[in-house]
Amino acid sequence: MMEEVARVVACDNQGWLTVEVELKSTCKSCSSSESCGTSAVAQAFSAKTQQFSIQSERTCEVGELLKLGLPESVILKAAALVYLMPLLGLFTGAVFGQFFAGLFEINSDLSAIAFAALGAIAAWFFGKHKAKQLEVDSQPVILAYLGSGISLEKLPV
Numbered sequence: 000m001m002e003e004v005a006r007v008v009a010c011d012n013q014g015w016l017t018v019e020v021e022l023k024s025t026c027k028s029c030s031s032s033e034s035c036g037t038s039a040v041a042q043a044f045s046a047k048t049q050q051f052s053i054q055s056e057r058t059c060e061v062g063e064l065l066k067l068g069l070p071e072s073v074i075l076k077a078a079a080l081v082y083l084m085p086l087l088g089l090f091t092g093a094v095f096g097q098f099f100a101g102l103f104e105i106n107s108d109l110s111a112i113a114f115a116a117l118g119a120i121a122a123w124f125f126g127k128h129k130a131k132q133l134e135v136d137s138q139p140v141i142l143a144y145l146g147s148g149i150s151l152e153k154l155p156v
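Just so we're aligned: 147 in numbering that gives the first Met the number 0 is position 148 of the sequence shown, and the numbers increase by one with no gaps anywhere.
By construction, these hints were calculated from the structure, which means they are not laboratory data.
Keep in mind that the hints are not guaranteed to be accurate.
[As the list claims (entries may be wrong)] Label-pair ranges, simulated between beta-carbon atoms: (1) Ile-120 x Ile-74: 20 to 26 Å; (2) Val-140 x Ala-78: 18 to 24 Å; (3) Ile-105 x Gln-132: 33 to 39 Å; (4) Thr-58 x Met-1: 24 to 30 Å; (5) Val-8 x Ile-112: 46 to 52 Å; (6) Gln-13 x Leu-69: 21 to 27 Å; (7) Ser-52 x Ala-78: 21 to 27 Å; (8) Gly-62 x Gln-132: 30 to 36 Å; (9) Val-8 x Leu-69: 17 to 23 Å; (10) Phe-125 x Glu-2: 26 to 32 Å; (11) Val-8 x Val-94: 48 to 54 Å.
By construction, the Cβ of each residue, glycine as well, lies at the ideal position given by its N, Cα and C atoms.
All chains, please: the whole structure from these sequences, using the hints.
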């Protein structure tokens with residue numbers, strides 16, 4: 000199970016929480032990040048966050064931290080859909096292109112290339128659509144209630 004810490008930004012009376020997760024860049028975790036130009040560019044941009052709603056068994060305060068979990072199978076399925084579907088479409092399109100070239104007596108190479116490109120693009124859109132559906136259908140679960148976060152702004156100087 001993949002785990003991430005989220006901060007509660009809103010809570011309603013029906014048990015739904017709006018949580019915010021900071022999206023981390025892997026560019027900041029490398030040992031050579033001090034001398035890397037790509038890391039400097041990644042650090043120049045502000046941290047991005049994602050908000051979504053999740054159902055909770057108990058009420059939470061705004062600012063409370065939660066440990067959320069998402070099964071790895073969801074991420075693996077989405078990655079397979081987005082990366083492997085275009086390859087499957089590419090090869091299937093090329094086979095159809097060869098077949099239609101023989102039927103209509105046209106250049107088989109150009110037909111295979113055109114159908115391969117169309118197959119890859121169509122499969123990419125299909126995989127992306129299915130991956131979004133998978134993302135909507137899979138809700139993270141609350142693994143632990145971590146309490147309030149510590150703010151350094153409120154500490155006396």
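The hints, checked one at a time:
1. Taking 20 to 26 Å as the suggested C-beta distance range, the pair Ile-120 and Ile-74 conforms, at roughly 24 Å.
2. Here the CB-CB span from Val-140 to Ala-78 is close to 20 Å, well matched to the stated 18 to 24 Å.
3. In this structure the hint that Ile-105 and Gln-132 lie 33 to 39 Å apart at CB holds, the actual value being about 37 Å.
4. For the pair Thr-58 and Met-1, the supplied restraint of 24 to 30 Å holds, since their beta-carbon distance comes to about 26 Å.
5. A hinted range of 46 to 52 Å for the beta carbons of Val-8 and Ile-112 is consistent with their spacing of about 50 Å.
6. For the pair Gln-13 and Leu-69, the supplied restraint of 21 to 27 Å holds, since their beta-carbon distance comes to about 23 Å.
7. Distance hint for Ser-52 and Ala-78: a CB-CB separation of about 24 Å, consistent with the stated range 21 to 27 Å.
8. Range check, Gly-62 to Gln-132: about 32 Å between beta-carbon atoms, so the 30 to 36 Å window is met.
9. A hinted range of 17 to 23 Å holds for the C-beta pair Val-8 and Leu-69, which are about 19 Å apart.
10. Distance hint for Phe-125 and Glu-2: a CB-CB separation of about 31 Å, consistent with the stated range 26 to 32 Å.
11. Taking the beta carbon of each, Val-8 and Val-94 are about 50 Å apart, inside 48 to 54 Å as hinted.
Consistency with the previously given hints is maintained throughout, with no hint failing.
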